[in-house]
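Protein chains in written order, with our numbering: chain A, 477 to 1089; chain D, 52 to 156; chain F, 142 to 479; chain G, 7 to 215.
Simulated from the structure, these hints should not be mistaken for laboratory data.
Some hints here could point you the wrong way.
Quick list of in silico lysine-lysine cross-link-like pairs, DSSO-like style, CA-CA up to 27 Å [unchecked claim]:
1. F:Lys340 to F:Lys413
2. F:Lys333 to A:Lys928
3. F:Lys362 to A:Lys928
4. F:Lys370 to F:Lys399
5. F:Lys215 to A:Lys1011
6. F:Lys370 to A:Lys891
7. A:Lys1011 to F:Lys224
8. F:Lys215 to F:Lys333
9. A:Lys1070 to G:Lys173
10. F:Lys301 to F:Lys265
11. F:Lys215 to A:Lys886
12. G:Lys135 to D:Lys73
13. F:Lys260 to F:Lys215
14. F:Lys215 to A:Lys1006
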Amino acid sequence: MSGHAHSHKRSGLWDWLTTVDHKKIGILYLIAGGFFFLIGGLEALLIRLQLIVPEADFVGAATFNELITMHGTTMIFLAVMPVIFALMNAIVPLQIGARDVAFPFVNALGFWLFFFGGVLLNTSWFLGGAPDAGWTSYTTLALKQYSGIGVDFYVLGLQIAGLGTLIGGINFLVTVINMRAPGMTFMRLPMFTWSAFVTSGLILFAFPAITVGLVLLMFERLFGANFFNPDAGGNVVIWEHIFWIFGHPEVYILILPAFGVISEVVSTFSKKRLFGYSSMVFATVMIGFLGFMVWAHHMFTTGLGPIANTLFGIATMLIAVPTGIKIFNWLFTMWGGQIRFTTANLFAVGFIPTFTIGGMTGVMLALPAADYQYHDSYFVVAHFHYVIVGGLVFGLFSGLYYWWPKMFGKMLNEKLGKWNFWTFFIGFHLTFFPQHFLGLMGMPRRVFTYLKNQDLDLGNFISSIGAIGMTIGTILFLANVVVAARSKKQAPADPWDARTLEWAIPSPAPEYNFAQTPLVRGLDALWVEKMAGNKGMTPAEPLGSIHMPSPSFLPFLMSIGLFIAGYGFIFEHHVFSVIGILIAFACMLMRSLKDDHGYHIEPDEIEEKGVKA
Amino acid sequence: MSAHVSNESTHRTPKVKKSGAKAHLVTFIVSIVLTALAFIAVGYEVIPIGFTVPFIILLAIVQAAFQLFVWMHLDQKGHEFPRIGILMGVVVVAATVFTFVYWLW
Amino acid sequence: MKSRWQQLWRQLFLFGMLALFLAGCGRENLSALTPQGPVAEMQFSLMKLSALIMIGVFVVVILIFTYVLIRYRKRPGQDGIPKQVEGNHKLEILWTVIPFLLLIVMAVPTVTIAFDLSKEYTNKDALVVKVTAHQFWWEFEYPDLGISTAQDLYIPTGKKIQFDLTSADVMHAFWIPALGGKMDTNPGDSNKMWLQAEKPGIYYGKCAELCGASHALMDFKVNALEPAKFDEWATAMKSAESTPATASAQQGQQIFQKSCLGCHAIGAEGGKLAPNLTNFADRQRVAGILENNPENLDKWLADPQAVKPGNLMPNLNLKPEDRKALVDYMSTLKVYQP
Amino acid sequence: MSADHTVNSVLPDEPEKATLEGKNKVLGFWLFLGGETILFGTLFATFIALRNQTNGGPTGHELFELPLTAAATVILLVSSMTSVMSVLAMHQHNLKKMQVWLTITAILGIAFLALEIYEFSHYVAEGHKMSSSAFGSAFYTLVGFHGGHVLFGVLWLITLQLQAIKKGLTVVTAPKFYVFSLYWHFVDLVWVFIFTVVYLMSIVGGKVG
Ligand code: HEA
Ligand code: HEA
Ligand code: CUA
Ligand SMILES: [Cu+2]
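Sequences are here, hints too, so could you generate the full structure?
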């Protein structure tokens, strides 16, 4: 090979646009996801502001529908999924002792597709109106006859972002299957990696469904097809099925990584191994599998009939069993431990009762006859924010506090962190607890206002006030990030006295992750070595030259191509559609024809950095 | 790079079987025969009309299995994950099709 | 450490109070927590059963949780390594089997109630009402009685009402929380559902499926009457005839016939694109949301879009005096006063 | 290490699985096919649901003809066989033979496409269009998606042929040829269900009434 270009000392914007390093891609996901979280949060604040008193006139009816649609869509697809991907990228390869993911190039492509899909969707605000048919975009409301250009942005933005997610999922599956260090058997995988693995599987099987759904909707809106329009023989329920065949697994795609984080954090800060590891693995796989068999519980009132309703209802209830296994295993992990209440652990501990409440209202929703009352009411809104915000977002905060040193080499401030937790926690319950009762008292969801004298005022008022708590919490987190970035103190390799492989290497992780691939000798690989009195991992290979993939601008360019094509379709200027798609294909061709030989990092360079084996 | 290979997947695949070509040809013939059967069943009404649809679907499934396992080597060792992947795909598709046939409304 | 637990307890207490406070109320004729008929009753029983089980499980979780957090928090100066427990098969089986049994307890009534609710009543015991949802109003037809109305649904008490639900445009959902759960109205198909009211009264109905800008304002009212009174109403509806007495009202009638009858019907005469106004003056509300009085009607006629954004009634740019005449005329559209 | 990529003098028996990159590629592609199963499955389900909604237009029974479908089927089936042969040739490290089989595969693919274009234009002339009915939409989307896959496969094959000429058979190119053959089989496999569910079932369905 033409030697080793010393190109790994890159920095600046170009580096970020071309990087294929999973750690940097993780950071990109975090920044982009965090940004969209703020946007989605801002939309939530506007929603709550409009609902603070009855018959308020703060935003109009049409704008309100755009706000809820964009809030839901942004939060699910563009905020929390990317932050999950951020953690998966930053941590999974480290936890399995790999130098990189299986397909670094595809990894970068996945990020840029998500990013440009998200940008495309959000530009709708300025280019003719945001989508306004709800994040579920039920046909017929989402058909051209009844809604504006915004839905086209929804269709194309999600299509592009979804493609990115799909290839990301495949990448992580292959990474976990093929890239594990010697000795890292499946039953020694850390729980977070297990959950990332199952989540990736769910992505693989769920996203093609939404891809098809979006294609059908696009053909219907742009090319005059008639899948859903009943006047030409179409059927409005097909969209509902397709959306939820994807949509229900999607919620487990979201929650499983959070379960993984909680397992790691609770175990580390109890100083105990995870209670019932194998049943945890089993439960994760079970949840993933059952997740595909229950989608119609979102459609109990569609009119599928009592047989379908009860079958899907009972299948749904079954998911309580594996999830319960998890809850109790966490409790018994803490049992007999030495629990340290760091911020990461506060969020994990706060997760347990909060998620349990959300899961229980979920089981209540799963009884079809009762759901006739709950459906499309604020009770459902309360349910899913309990599992998503009280579950997933708590889990993400926990994971971020836990792994921040590994990602950035700096510790987040604990004092600020505790304030962050308590304001967010209290604000959360104030916001969403009353919504259960609002729903039962007859408040439908997706209403831009409600009339006076329906006894709905107090609950809404408290709910809106609570959102301020979450805002303060979020701002404190941002402040904490700034404080950490400014601090000069470098984080140690293993600040928490933790158990898994990622803590065996310096913080932040060096470019090549492991100077020598480690030999794994048990569950909680690092803990095993600690208990054996070793300073670090035993290497499985001699120190040698490390092969690295080259950076590439093609993922960025290719995503730009589809971005342009997206606008071409939306505004029906098909010249742009064609140009954009050609750009994407040209990039694919270039990638296919030109072999990437990568470059090497030599042992002397590794040692220069003082990272002796 | 060999260091990354996990212990489960380090097996040396056997030498290409001499019978490889033969099995593939047999599959080809099977496919042609099954296809022909389906067309004949429909074109000449050789079996009672009521059974035709389940019959040709069964033929398609058998043919698909042959192609997956022989032509695409799903039967070979080292294909555990591909098998799981395709199986899960088939399960989800079955649930979807079943629902679309019986519970669309 | 102490203060944190105090904070947690204070919070739990606060939520407890909040729960009690909020749970107690809810308008009787709106809330699902105050069922007014057998369907809502059955659903409420299921809700209560499942909520009870959930609270039971939650208490168990929270007890273990609190005990663990207090008992096993790391004390200052504590070191050494806790016993690394791999698991415990007995316990794990326990918390697999118990939830499973609890689910069975819930599953049994779930199945029976789901089938009870989906029974179709096409016999003479039931009154059939065909509901057609429109952006953003409701049309009610009584095929057996040969009458139709809009916005205010009249039903007899103590009798099963068999609904036949469909939509003229997008998907909506028909929901009367105090009487029972909701059902979607799908364009291109019809759904069936039955409800029953025990006591006479006015119940609030809502559209529960996002259907456009004024989804939030797509309210309707259910007027449950004693059977005898219901029959009187039905008879009155069939022979409804308005007799504008004043000159202004007669002028209003002419305007109406000229510019409104294309969409709105009165009696059998007129279009079906908009609410039937035969008994408009009996309505609780104008367009489902504004209290029905002359000022509000005038407000509606002056600018329907300002009241209900995105609705399909155009602004007809009526002169104030024409509006006055129309208001006078429309207040004569009375059919029945119980 | 991957630097040995260029060493193609001693090619292993199954060159597609000789490197970690190759293994990753094959596994990743298999998983992708798992996803494609859902993709086509959803399209099939949609088609089945809408196949009788002709909105007054021609029905499948009126449109479809056995001989045309049979011809398309035979073409695709044979091409699937030829792509198997190309992999066998690759395992024998016979570059020339592999290229020949791949060329035949490409030609058959193009023939299939030509037949499909003829078929579609024929239908459009009879008033069976994407926009004419739910049946039309579902038909063109499902069959068109499959046709799109064939088209993509042919284009892909052309780039592979270029690489075969330029780079020959190495541990880098071998996985690409292998993965292509998986793709091509899968496309054929989907067709098995298309001719069964779309064509034959419509033809039968018409008879039953
Ligand atoms: C992270 C996301 C997430 C998660 C994890 C869940 C988890 C669950 N969800 Fe939820 N759900 C959503 C996100 C999520 N949901 C969203 C976004 C919507 C609305 C979408 C929309 O319409 O916009 C929704 C809507 C929704 C509905 C449809 C409501 C309606 O629209 O009418 C239903 C109905 O069955 C449901 C059920 C469940 C169930 C049974 C679980 C279970 O997985 C919960 C299991 C957990 C537990 C049960 C707690 C722990 C268990 C124990 C302590 C053991 C003992 C317990 C018992 C014996 C009960 N959900
Ligand atoms: C991951 C998913 C997710 C998350 C995290 C959230 C978070 C929140 N949601 Fe979310 N929500 C959904 C997913 C989510 N939601 C979905 C899917 C729907 C259904 C949509 C539909 O019906 O179609 C929904 C609907 C929904 C509704 C019902 C709307 C309706 O039916 O009419 C409400 C109302 O209260 C609400 C409120 C909130 C609040 C207060 C938060 C808070 O937790 C947010 C907290 C965050 C912040 C407050 C951010 C802080 C902001 C700043 C610091 C300022 C920003 C500054 C700059 C940008 C410069 N949401
Ligand atoms: Cu009609 Cu909402
Ligand atoms: Cu769900």
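Structure-based check of each hint:
no., hint, in the structure
1, F:Lys340 to F:Lys413, "violated, 32 Å"
2, F:Lys333 to A:Lys928, "violated, 32 Å"
3, F:Lys362 to A:Lys928, "holds, 15 Å"
4, F:Lys370 to F:Lys399, "violated, 35 Å"
5, F:Lys215 to A:Lys1011, "holds, 25 Å"
6, F:Lys370 to A:Lys891, "violated, 69 Å"
7, A:Lys1011 to F:Lys224, "holds, 22 Å"
8, F:Lys215 to F:Lys333, "violated, 60 Å"
9, A:Lys1070 to G:Lys173, "holds, 10 Å"
10, F:Lys301 to F:Lys265, "holds, 10 Å"
11, F:Lys215 to A:Lys886, "holds, 25 Å"
12, G:Lys135 to D:Lys73, "violated, 44 Å"
13, F:Lys260 to F:Lys215, "violated, 59 Å"
14, F:Lys215 to A:Lys1006, "holds, 20 Å"
Hint compliance for this structure: hints 1, 2, 4, 6, 8, 12 and 13 are broken, all remaining hints hold.
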